[in-house]
Amino acid sequence: MGDGLLVLKIFLVVAAIAIAAMLFVALYGAKKPLPQSVVNDAGYRIRKLWLGLVLVVAAIAFALTVPFFPYPWARASVGARHVRVTAAQYAFVMPSVLPVDVPLVFDVTSQDVNHGFGIYAPDGTLFAQVQAMPDYINHLPIEFHVKGHYVVRCLEFCGIGHAYMHGGFDVR
Amino acid sequence: MKIMWTYIVAGLTIFGLMLLVGIGLRASQAGWIPIDTGTFYSLLSLHGVGMITAMAIAGLGLLWYLVDREIHLDERVAMLAFAFFAIGVVVVIVSVVFGHYGALWTMLYPLPFVGTTWPSWATGAWLLGVAAVMLGFMLICAQILGAILRSSGGLGSALGLDYVFGRKAFEAAGKHPPSPQMLAATVVSIDGLIGGASGLLVGIAMIAHWLDPHVVIDPLWAKNLTYQFGHTFANLTMYMAVAGIYVALPICTKRAYHSSIPLVVAWWGTLVFVIIAYFHHLYMDFVQWPAVQYIGEISSYLAAVPVVVVTVFGGLMLIHRSGMKWTLGSMFFFAGMVGWIVGGSAAILDATIPFNVDLHNTLWVPAHFHTYLLEGVFLFILGWVFVSLEQRAEAASNALVRWIVGLGIFGGGALFLISFYVAGAAGVPRRYAVEPAPGPFWAGIATVGALLILVGVLAALVEGIRLARMRAVGSAV
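Taken in order, these protein sequences are the chains called A and B. Here the first sequence is numbered in the working numbering, starting from 1 and rising by one per residue. Here the second sequence is numbered in the working numbering, starting from 1001 and rising by one per residue.
I should point out that these hints are in silico values taken from the structure, not numbers from a laboratory. For each residue, glycine too, the CB sits at the ideal point set by N, CA and C. Heads up, some of the hints might be wrong.
In silico BS3-like pairs for lysine-lysine, Cα to Cα no more than 27 Å straight-line [to be verified]:
id : chain 1 : residue 1 : chain 2 : residue 2
1  : A       : K48       : B       : K1168
2  : A       : K32       : B       : K1325
3  : B       : K1254     : A       : K32
4  : B       : K1254     : B       : K1325
5  : B       : K1254     : A       : K31
6  : B       : K1325     : A       : K31
7  : B       : K1254     : A       : K48
8  : A       : K32       : A       : K48
9  : B       : K1175     : B       : K1254
Covered by chain B, per the in silico footprint, the following chain A stretches (three or more residues, Cβ under 8 Å) [what the hints assert, rightly or not]:
id : region
10 : 13-19
11 : 29-43
12 : 50-64
13 : 111-121
14 : 128-137
15 : 148-159
Please take these sequences and the hints and turn them into a complete structure.
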């Protein structure tokens, strides 16, 4: 939550490494061609290691991320205070003040079309979100540890007023 | 060749028009030109569905030609499918231009029917237009799959099962595994039929609701089918174009690309993961069945394995120390692989659930799929066009042209895309006619990048026409 810039940094590093590696493979020794069989012999050996590395990284990434899943079944929310949020074109109906350091569960639904309930922290970063769907209630467990004004923006296209659909609440 | 060029020219023409629309949209978000909110969403609807359709039409033309080289395909079926595409495109344009439809391609139920500012007929026309495009797509998929199954003797052989599970006997019998491009065609046509069926199913349900509002649809069911169809269709445009790598790169490098057991198994993975990876579009729908959220992350990771371990790795092995000449054709194919990997990396980060909380429906989403489509699929299509033209004329473009095209499409593309990524990481929502800060600043940078892309595309167009007008002295690809 609020990790957008961290993701950007990871992406830029991965992209830079990938581009550099691909350019290196394409350009290294370009003026000294080798028979395809020679390249293949080395390439197939590297590919086995590469396959192993990719699978291991994928498995580790999955294992590391599971504890951070935002879902109510993945987070302790017993005894939490429930906060009802109803979205409708083009506003959110919800309390204007919420408590700090208290476990909360937002019960989010919609009166009309699909909306997105996106909570932006006082520093402007996207803090949490869940879809607001008609006929369904999505439960979003959260505990605020920072006081201040949180802005809510719609994060699912909902019609002509989508860009103007926002609200907010104070955490005290 | 006639079918291939008809499809590719039509696809690239739509691409060019949608590029202009896209530049206008970003310039509007930057505050540089005035576009009212209703028109903005009408144009965004047109841009989104138009670009995917453009890439699909061009990619299908390429794929159809590659299959036709090995198994004769009836041109009349391809032209019938083209008629569906043409009707669909015209009806969608009518819906947008005259009806001012503006619920975007996702048209998540019940959006196109609630709180609309356009007449009901425009929603119906949009649904029917998209359905016509889907029917054309499924017709081509059915034709290709039918031809492959008939010629190979069944699905098992078409997918290389007998080759993988009994290689010695298979080779002793003098048989050959399916070529890489035929594997791509088999997977695209199977997944295309599945994705198309999902789209038609939800489309028919929505048309029923349009005709009789008493017909109600479960919003979660509709969302699942909409994204299964949308994700699969968009994803498959890449795999259509990828078939060109297997044929064109060997020409550029004067090397061979043969089917192997890893390649065959990789395509099995693609067959499965392309269908189920769409679950990552519903990570923020917490009422979704929990198991599929886990499947969404795992399948999104695994979908990348065939790409990075087999196809792109194999493509780089072909290029490495081959003495390949850097023509526009080979340059586009190499850059397309880079774009595929970079866009795929961004997609994997977004498909990681804890990160998705920060990125879902922000500008990161268009960032990754614009990388994938503009610097991946589009470049593979251009690569195929230029390798074909260079082969035919036995000529290549001079260094100045390559630099202009490269700086425009790659340099401008980098500027255009980084603006999406940075704004997305800052939490700027996607699909906002008027964006909160820092959106407008980055929209301005994006507009400059997109204009540079336009310069590169125009230079490529002029160069392509020059090569096409040269006397044919070489052979067809």
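A quick look at each hint next to the structure:
| no. | hint | verdict |
| --- | --- | --- |
| 1 | K48(A) to K1168(B) | holds, 22 Å |
| 2 | K32(A) to K1325(B) | holds, 13 Å |
| 3 | K1254(B) to K32(A) | holds, 15 Å |
| 4 | K1254(B) to K1325(B) | holds, 10 Å |
| 5 | K1254(B) to K31(A) | holds, 15 Å |
| 6 | K1325(B) to K31(A) | holds, 10 Å |
| 7 | K1254(B) to K48(A) | holds, 25 Å |
| 8 | K32(A) to K48(A) | holds, 26 Å |
| 9 | K1175(B) to K1254(B) | holds, 25 Å |
| 10 | 13-19 | holds (count 4) |
| 11 | 29-43 | holds (count 10) |
| 12 | 50-64 | holds (count 7) |
| 13 | 111-121 | holds (count 6) |
| 14 | 128-137 | holds (count 9) |
| 15 | 148-159 | holds (count 7) |
Consistency note: the structure conflicts with none of the earlier hints.
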